[in-house]
Amino acid sequence: MKARVHITLKNGVLDPQGKAIQHALTALDFGGVDDVRQGKYIELDLAETDREKALASVEDMCKKLLSNTVIENYVIEIE
Amino acid sequence: MKARVHITLKNGVLDPQGKAIQHALTALDFGGVDDVRQGKYIELDLAETDREKALASVEDMCKKLLSNTVIENYVIEIE
Amino acid sequence: MTWNNNVEITDALVKEHGLSDDEYALCLKILGRTPTLTELGIFSVMWSEHCSYKSSKKHLKTLPTKAPWVIHGPGENAGVIDIGDNQAIIFKMESHNHPSYIEPYQGAATGVGGILRDVFTMGARPIANMNALRFGSPDHAKTKHLLSGVVEGIGGYGNCVGVPTVGGETNFHPSYDGNILVNAMNVGLADQDKIFLSAAAGIGNPVIYVGSKTGRDGIHGATMASAEFTEDTEEKRPTVQVGDPFTEKLLIEACLELMSTDMVVAIQDMGAAGLTSSSVEMASGGGVGFDFNLDMIPQREEGMTPYEMMLSESQERMLIVLKPGREAEAKAIFDKWDLDFAVIGKITETGNLTLRFKGEVVADIPTQPLADNSPEYDRPWVKTPARAFLKPEDVAAPADMKQALLKMIGSPDLCSRDWIWQQYDHQVMADTIQKPGGDAAVVRVHGTEKAVAISTDCTPRYCYADPVEGGKQAVVETWRNLTAVGATPLAITDCLNFGNPERPEIMGQFVGCIEGMKEACIILDYPVVSGNVSLYNETNGTGIHPTPAIGGVGLFTDSSKMVTIAPQKEGEVLILVGETKGHLGVSLYLDIMEGREEGAPPPVDLLLEKKNGDFVRAQINAENIAACHDISDGGLYVALAEMAMASEMGMAVTLDYENVPQHAFAFGEDQARYILSVPADKADAILSKAKAEGVVCANIGRVGGKDFEVNGMSSISVSELLTTHQGWMKDYMGLE
Amino acid sequence: MKSAVIVFPASNCDRDMIVALEKITGHKPHIIWHQDEEIPDADLIALPGGFSFGDYLRCGAMAARSPAIQKVIEHANRGGNVIGICNGFQVLTETGLLPGALMRNKSLKFICKDVNLKVENNDTAFTNAYGQGQVITIPMAHHDGNYFADDETLKELEDDGRIAFRYVDKAGQATAEANPNGSRNNIAGIINRRKNILGMMPHPERLIEDAQGGIDGLGFFESMINAIN
Ligand SMILES: Nc1ncnc2c1ncn2[C@@H]1O[C@H](COP(=O)(O)OP(=O)(O)O)[C@@H](O)[C@H]1O
Ligand SMILES: [Mg+2]
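Chains as they are written, first to last, in my numbering: chain A, 7 to 85; chain B, 7 to 85; chain C, 190 to 925; chain D, 254 to 482.
Only chain A is shown next, with the shape it has when bound in the complex (with noise of 0.2 Å):
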């Protein structure tokens, strides 16, 4: 199964890369850029077959490693 998981920064984290691409894209003279966020996103390939189990799997590893809860949101789709 594949995974995927989109990692962003809560709301009220200052986000620097955001904020600079902004900066850039206006300074490109890309106009009316009200705001930009910046996140990753994490495929996975999943040797597990079962939808359910490849949720909570993907659900614990985003828990443990791929995002830091103090700043971040997850979300997971699994395909």
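FYI, nobody ran anything at the bench for these hints, they're computed from the structure. Predicted model only: the values in this text are computed from it and were never measured. From the three backbone atoms N, C-alpha and C, an ideal C-beta is built for every residue, glycine too. Any given hint could turn out to be false.
[Stated by the list, open to error] Calculated lysine-lysine pairs in the DSBU-like style (CA-CA distance at most 30 Å, straight line): (1) C:K919 x D:K423; (2) C:K520 x C:K383; (3) C:K800 x C:K919; (4) C:K919 x C:K333; (5) A:K70 x D:K359; (6) B:K46 x C:K919; (7) B:K69 x C:K919; (8) B:K8 x B:K69; (9) B:K8 x D:K359; (10) D:K359 x A:K69; (11) B:K69 x A:K69; (12) C:K383 x C:K250.
[As the list claims (entries may be wrong)] Simulated restraints on C-beta separations: (13) D:D412 x C:S904: 26 to 36 Å; (14) C:E812 x D:I284: 54 to 64 Å; (15) D:R447 x C:S906: 47 to 57 Å; (16) C:K758 x D:E475: 26 to 36 Å; (17) D:N330 x C:W192: 53 to 63 Å; (18) B:A53 x C:N900: 57 to 67 Å; (19) C:K596 x B:E58: 24 to 34 Å.
[Unchecked claim] If you only want the chain B side, here are some residues facing chain A, beta carbon under 8 Å, derived: (20) L34; (21) V42; (22) K46; (23) D51; (24) A62; (25) S63.
Following the hints, put chains B, C and D with the ligands in place on chain A, whose structure we already have.
Here is chains B, C and D with the ligands on its own, set in the frame of chain A:
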């Protein structure tokens, strides 16, 4: 409008981060993780209200700044 | 894709592999039959300019390479010099120009990775990185992006592996608009009885592959580095490799751990042309053969063909010959560091590189003829026409000296490079005792009183105007920079960056620069111990300025003797060493103030260089001197201003403009000059000693106050100098 | 004072830390590999700078999950002293031993330069050799030292005197220009509630000899000797 951009490494390009994550997951006793690839996920808030125009503009942003087309691919979703 | 090793080798295929008719004929002769596809690939990369040095070999051979302190000169992975106490310094410089233009971050990063491997493969712990960079005009659309990416890539790699990047040089010139130069140098420290070479030995000994897995990276990279750019270069993009500094750091530690045992017979990094060149060099160097089972190669991607495996330039890999029966012990070390380890074959007495894949022999090449008979060309060349000297009177004086000086020190070529070096960890390992910003970087030999000084230099506009003088000057400038910190210069490495050698004018530049380098090395007793050649730096027929970048290395037996360019105390006396004739030909003044690049470069008098330099070094070593700075780009006023800025103290200087017009005195680039800042009570003794030795010296002023004051120019506060000097690059890069 | 230094794959200031500890305490620290499951008895455990696991995913994230770190946590919970410098600080926040997180520098660039730090609280095991409010110069070298904590945590840190060092100008003012990386409240180093754990981004171990350009880092180590012996 909101745009979401996924930036991933092209096939065949070494992904040291993905490799290290895979390794770390295995060390944490997550079995059956066959492959991990790490990419970027960028959310943009745009003043533009025309879907087509927004798409064209983000496409341009990807080419000029957001992605490194030598080694990366990008996918844009407009919502 | 179906793989057929036995496809018909057509003329078109041979041509695609960059082999000339003669080269292909030689290939047929060596094999005694038609090559397989894998073999054709191997011949092609081995005989590429990059690997075979076919255009440059003849001339490189003329460079002096010997001195009593040279342990290994050119021919090994890096040069090795004796620094006493059974210790050795191992160093080399290498180019990563083309990849860095295509993908600046990864190109520069993998350049650093590659040069590190050349040094630690010999048993050295890398202790310092340097980088010599040339970019196009700041106005060129790509320059900002390239500068930003290259610097980030060098930092990204060097910082992660934990080797300090302690210095370098940075130029901007339109001749690099389409071909930037990224030259990386590494210096390592080893014990003399633990130096490892690449020549394989011991029939039956196991050959080991360690490091990262092999992917399809950079296939044809080595041939790309030898091909001129054209508009369709875009298509070659996927050949860029991604660096993995984390794995490199593990590889350094694992290899050094392995080398601390007695298991290693020979070792070689996989650089350009990967497994092909490493195995051919090891086998031919030892006069033995290798028999590999390619199925054993750790592979990152599925379905890799022998052709791809042999030509892949995946990074962070090494090839090792072990003593028999030690495989398990060695593997335990690489397991500990989580690196791939595979026994891929053994040494044979056939002298052939025999490659097996899925039970079939896919290549069987005699390595000795492949290596020894590699083509060598005596390419036609024409001497660069001599240029007339430009008299000071032919160059207008500026409307205002103060504004001229500010313009100079705030220009792209002379402004502070702190924006660059602040992105490099220049202190990790805690032995950097002279940071970037001075004449040479100085790194202690860990745990001893010794230290190594390093400087990279080249003035391409001089080389373009007069290759012989330019080649001399490049060598001399490193020597002077090492001298200016108080070190004894020992040896150099070089990275010779030129255009298309098939054009006689370019070949003439190459031959000229080598000639000049040779003369300088002989007189200064300063041999070449390693180096690298990068040709075809040219786009649509326009070549770069000839750029023989030189990396000089010097030694302190007592590092407490080191000085910097910063005067230490108010009241110190400033002494100008050397004669000022006001040479403005191809000077930065002429370029910055008048937009001209005309005239002959300042002539280099090697004996005078030696006399003045030896005098200065002796004074530093006698601890008579508080600070020293050599005079180079921008001339005397620029050097004085740099000293004032480094100390954040002012100075009052009085010069005699009777024989030389003031602007020529101020900005002329005459060679063999230094400025010393000396305690007031020592000044007279130094001046009389100089006189006795026939060294031209003059007391020109004093350190003190907050202003930079020179007669004939309105005074400038040191803080204004600093703001101007530090402004340009930050402003330029501010809005990337 | 007995000390131990944990080494992770791609730690790279481990030697600097070992040299500094040996020079100042007179004893060679124990060197602990990240996979070791036992840590010899030590008064102080140091997590050195570097790029553990390449700093891939997030700085310090993978190191924070290593077997040796479990022992560091136990040591800390018993009241043992722990310091984390640079990457070590990142590891400590990833384990939760220290609050907050270290994000990418505001400029997105790696920054290596000397910075002025103000000793905000000299009543700790790590700062007692300095004067209260003393301004010292210490090198920094990092890509991700932009300290973030939410308002509540920040208030707690400030109110409890748990800010050890702040980035300041020469005059000791915590101005925006003196903040090299965008850290909230110019924070360069913090301690935990129990005051036995310190994390800081700049590198005191790089400035303990005149030849290195100064000795402002010495006080950091001397403080621990005062507190522990
Ligand atoms: N790319 C770079 N990386 C690090 N340091 C650099 C770089 N370019 C220049 N520098 C540093 O800036 C200072 C001035 O350089 P340069 O003008 O070339 O010196 P010099 O004229 O003495 O050779 C030197 O200390 C040099 O090491
Ligand atoms: Mg100099």
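Hints, verified against the model:
For the proposed pair K919 of chain C and K423 of chain D, the alpha carbon gap of about 22 Å is at most 30 Å, so the pair holds. A hinted pair counts as satisfied when its Cα atoms are at most 30 Å apart, and K520 of chain C with K383 of chain C qualifies at roughly 20 Å. Under the criterion of a C-alpha separation no larger than 30 Å, the hint pairing K800 of chain C with K919 of chain C is inconsistent with the structure, at around 40 Å. Taken as a hint, the K919 of chain C and K333 of chain C pair is honoured in the structure, with Cα atoms around 11 Å apart against an allowance of 30 Å.
Straight-line distance between C-alpha atoms of K70 of chain A and K359 of chain D comes to about 27 Å, which keeps the hinted pair within the 30 Å bound. Straight-line distance between C-alpha atoms of K46 of chain B and K919 of chain C comes to about 28 Å, which keeps the hinted pair within the 30 Å bound. Only pairs whose Cα atoms come within 30 Å are accepted, and K69 of chain B paired with K919 of chain C is accepted, the gap being roughly 25 Å. Note on K8 of chain B and K69 of chain B: the hinted pairing holds, with a Cα-Cα distance of about 18 Å set against a maximum of 30 Å.
Our distance criterion of 30 Å between C-alpha atoms is met by K8 of chain B and K359 of chain D, whose separation comes to about 24 Å. Between K359 of chain D and K69 of chain A the CA atoms are separated by roughly 26 Å; this keeps the pair inside 30 Å, and the hint holds. For the hint pairing K69 of chain B with K69 of chain A, the CA-to-CA distance comes to about 34 Å; that exceeds 30 Å, so the pair is violated. Proposed proximity of K383 of chain C and K250 of chain C is supported: the alpha carbons are some 28 Å apart, at most 30 Å.
Distance hint for D412 of chain D and S904 of chain C: a CB-CB separation of about 51 Å, inconsistent with the stated range 26 to 36 Å. Against the hinted window of 54 to 64 Å, the Cβ-Cβ separation of E812 of chain C and I284 of chain D comes to about 39 Å, which falls outside the hint. Between R447 of chain D and S906 of chain C the C-beta distance comes to about 51 Å, which sits within the given range of 47 to 57 Å. Taken as a hint, the range 26 to 36 Å holds for the pair K758 of chain C and E475 of chain D, whose Cβ atoms sit roughly 29 Å apart.
Checked against the hint of 53 to 63 Å, the C-beta distance between N330 of chain D and W192 of chain C comes to roughly 59 Å, which is consistent with it. Range check, A53 of chain B to N900 of chain C: Cβ separation about 60 Å, and the 57 to 67 Å hint holds. Hint check: K596 of chain C to E58 of chain B, Cβ distance near 49 Å, so the stated range 24 to 34 Å is violated. A least Cβ separation of about 6 Å between L34 of chain B and chain A falls short of the 8 Å threshold, and the interface hint therefore holds.
Nearest Cβ of chain A to the Cβ of V42 of chain B: about 5 Å, under the 8 Å cut. The hint holds. Checking K46 of chain B against chain A by beta carbon gives a least distance of about 6 Å; that is within 8 Å, so the hint holds. Against a cut-off of 8 Å between C-beta atoms, the interface hint on D51 of chain B holds, since the closest Cβ of chain A lies about 4 Å away. Interface hint status for A62 of chain B: violated, as the beta-carbon distance to the closest one in chain A is roughly 11 Å, over 8 Å.
With its C-beta approaching chain A no nearer than about 6 Å, S63 of chain B sits inside the 8 Å limit, and its interface hint holds.
Of the numbered hints stated above, those contradicted by the structure are hints 3, 11, 13, 14, 19 and 24, listed in ascending order.
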